[in-house]
Amino acid sequence: MPGVPKEVPKRTPQLIPGRDTDGRTYKCAEDMWARELHGDLYDSETGWYGKSLRYWSKVPATVSGVLGGMEHIHDVDLKESRAFITSLPDRGTAHALDCGAGIGRITKCLLCSLYTVTDVLEPVPNMLEKAKEELKGYPVGEFFLSSMETVQLNPNLYDLIVIQWTAIYLTDNDFVKFLAHCKTALTSKGYIFFKENCSSDEQFVVDKEDSSLTRSDAHYKRIFAAAGVKVVKEAIQNDWPEDLFKVKMYALR
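Take 1 as the starting number for the sequence shown in full-length UniProt numbering and just add one per residue.
Please note that a few of the clues may not be correct.
Simulated pairs of lysine-lysine, DSS-like, Cα-Cα distance not exceeding 25 Å [stated by the list, open to error]:
no.	residue 1	residue 2
1	K183	K208
2	K248	K208
3	K230	K248
4	K108	K27
5	K221	K189
6	K79	K27
7	K189	K27
8	K177	K233
9	K233	K221
10	K130	K58
11	K248	K233
12	K208	K177
13	K79	K58
14	K108	K136
15	K246	K79
16	K183	K136
17	K108	K248
18	K58	K27
19	K248	K183
20	K79	K189
21	K27	K208
Everything labelled a hint here was simulated from the structure, so no lab data went into it.
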C-alpha cells in the first residue's frame with residue numbers, strides 16, 4: 001500500500017570463525033565456547049578461569065614474567081599508551097583503575113604520573129603482593145584481590161579504567177558484562193582504555209596453554225556493541241615486533 005514503509009529485514013550477524021593451538025577449527029565462537037565451558041569454570045585442571053589462574057600463579061612476579069620474557073616491549077608499549085591516553089579530549093585526571101594489573105607495571109610506570117590516585121585489581125595473590133611492594137610510596141589507593149568477572153565497582157568513580165592484556169582471559173559473555181559494569185563506574189569525564197592483542201586474519205585464536213582467547217577487531221567491536229560502549233578513538237600500536245600479534249588501543253565510554 002502507498003505510504004506504508006517496507007519492513008527492513010534484520011541483518012544476521014556474520015559468524016566469526018577461529019581455531020585453537022591444538023589444531024581444532026571452529027565455524028563460530030559459540031561452538032568453541034560450547035566445548036570450553038563445562039563444569040566448574042574455576043577448576044584448576046579443566047575450568048576456563050581456573051586454568052589461566054593456575055598458569056599465572058606459576059609465572060615469576062617480574063616485568064619479564066608478566067611480559068612473557070619480552071622486556072624489550074616495555075618502553076614502546078608505555079610510550080604509545082601515554083600518547084593515546086593524553087590525547088583523549090576533556091579527560092578527567094583524578095582516579096584510575098588498573099585491571100589485571102599483575103605486579104603494577106602500568107600503574108607504576110604510567111598511571112601514577114597521569115592520575116592523582118590509582119586503584120589496582122589483580123586476581124593472583126602473589127602478583128598482588130608483589131604489586132604492593134613495587135608501589136610503596138606511589139599514589140595508589142585500593143588493592144583489590146579479585147577477577148574482572150567477579151569484582152564490584154563503585155559507580156561514577158573512575159576517570160580511566162585500564163584493561164590491557166587481560167580481556168583475553170574473559171569469556172565473551174563475561175567480557176560484555178564487565179564492560180557494561182565499567183561504563184557505570186566511569187565519571188562524566190571517564191574513559192575505558194582497552195589495549196589488547198588483535199588477530200590479523202579476522203579469526204579468533206584460543207591458546208590452550210594459558211586458557212586465553214585472542215580476538216579480531218570485528219570480534220571486539222561486536223562485544224563493545226553488546227556492552228553498550230562506543231569507540232571514541234582507536235589506534236594500532238605502531239612500534240611493535242613483526243613476529244607478535246598486532247596490538248590495538250581503543251578508548252571506550
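Structure-based check of all given hints:
no., hint, in the structure
1, K183 to K208, "violated (30 Å)"
2, K248 to K208, "holds (22 Å)"
3, K230 to K248, "holds (16 Å)"
4, K108 to K27, "violated (41 Å)"
5, K221 to K189, "holds (22 Å)"
6, K79 to K27, "violated (38 Å)"
7, K189 to K27, "violated (40 Å)"
8, K177 to K233, "holds (21 Å)"
9, K233 to K221, "holds (12 Å)"
10, K130 to K58, "holds (14 Å)"
11, K248 to K233, "holds (11 Å)"
12, K208 to K177, "holds (24 Å)"
13, K79 to K58, "violated (29 Å)"
14, K108 to K136, "holds (10 Å)"
15, K246 to K79, "holds (16 Å)"
16, K183 to K136, "violated (29 Å)"
17, K108 to K248, "holds (22 Å)"
18, K58 to K27, "violated (33 Å)"
19, K248 to K183, "holds (20 Å)"
20, K79 to K189, "holds (23 Å)"
21, K27 to K208, "holds (18 Å)"
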